[in-house]
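Enquirer: Using the sequences and the hints given, assemble the complete structure.
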Amino acid sequence: MTGASQQALAGGGGGGGGDSAYQYVEMNPIMLPIIDNNGVNQVVNLIIALEVENGALAQKAVALQPKLTDAFIQDMYGALNKQAARHGGVLPLQSIKKRLLKVSNTILADEEHSVHDVLLQFVDQRRI
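Note that this note's numbering gives residue 93 to position 93 of the sequence shown, counting from 1, and the numbers run on in steps of one.
Calculated from the structure, these hints are not laboratory results. Where is the CB? At the ideal position from N, CA and C, for every residue including glycine.
Mimicking EDC-like on lysine to aspartate or glutamate, the simulated pairs with C-alpha atoms at most 16 Å apart in a straight line are:
#	residue 1	residue 2
1	K102	D117
2	K60	D110
3	K97	D117
4	K60	E111
5	K98	D117
6	K98	E51
7	K97	D124
8	K82	D36
9	K97	E51
10	K102	D75
11	K60	E26
12	K97	D75
13	K97	E26
14	K102	E51
15	K102	D70
16	K60	E112
17	K98	D75
18	K67	E26
DEER-style ranges, computed between Cβ atoms:
#	residue 1	residue 2	range
19	D110	G39	39 to 49 Å
20	R126	D70	22 to 32 Å
21	A21	I128	38 to 48 Å
22	G39	Q74	15 to 25 Å
Expert: As structure tokens, this is what we get:
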């Protein structure tokens with residue numbers, strides 16, 4: 001893994017908007033199989049970035065990236081199989097974002113700070 005993929009990125013662009021306070025942490029790619037009755041029928045690759053409230057939480061996200069990745073895989077593994085089957089093989093991206101946000105906050109959030117959003121940087125869904 002490259003150092004860039006584990007780097008917290010400064011947020012905002014001098015436009016004075018509310019987003020300037022956020023930091024962005026690009027996560028390592030996640031690869032998940034979609035399994036049906038015949039075995040693996042698809043592979044889904046995700047690259048996400050976490051939008052966090054400050055640099056301290058960004059550093060915590062970088063330090064806990066292996067734990068976050070593990071939690072993402074555990075949460076999404078079965079859920080993706082069920083959701084893909086219900087939606088004709090198409091993944092409901094908003095549902096995925098909500099699940100990833102909940103998992104992120106379970107691991108990273110404290111009384112003062114939380115993960116604001118999960119940004120999908122890349123989604124690749126391939127039939128096998």
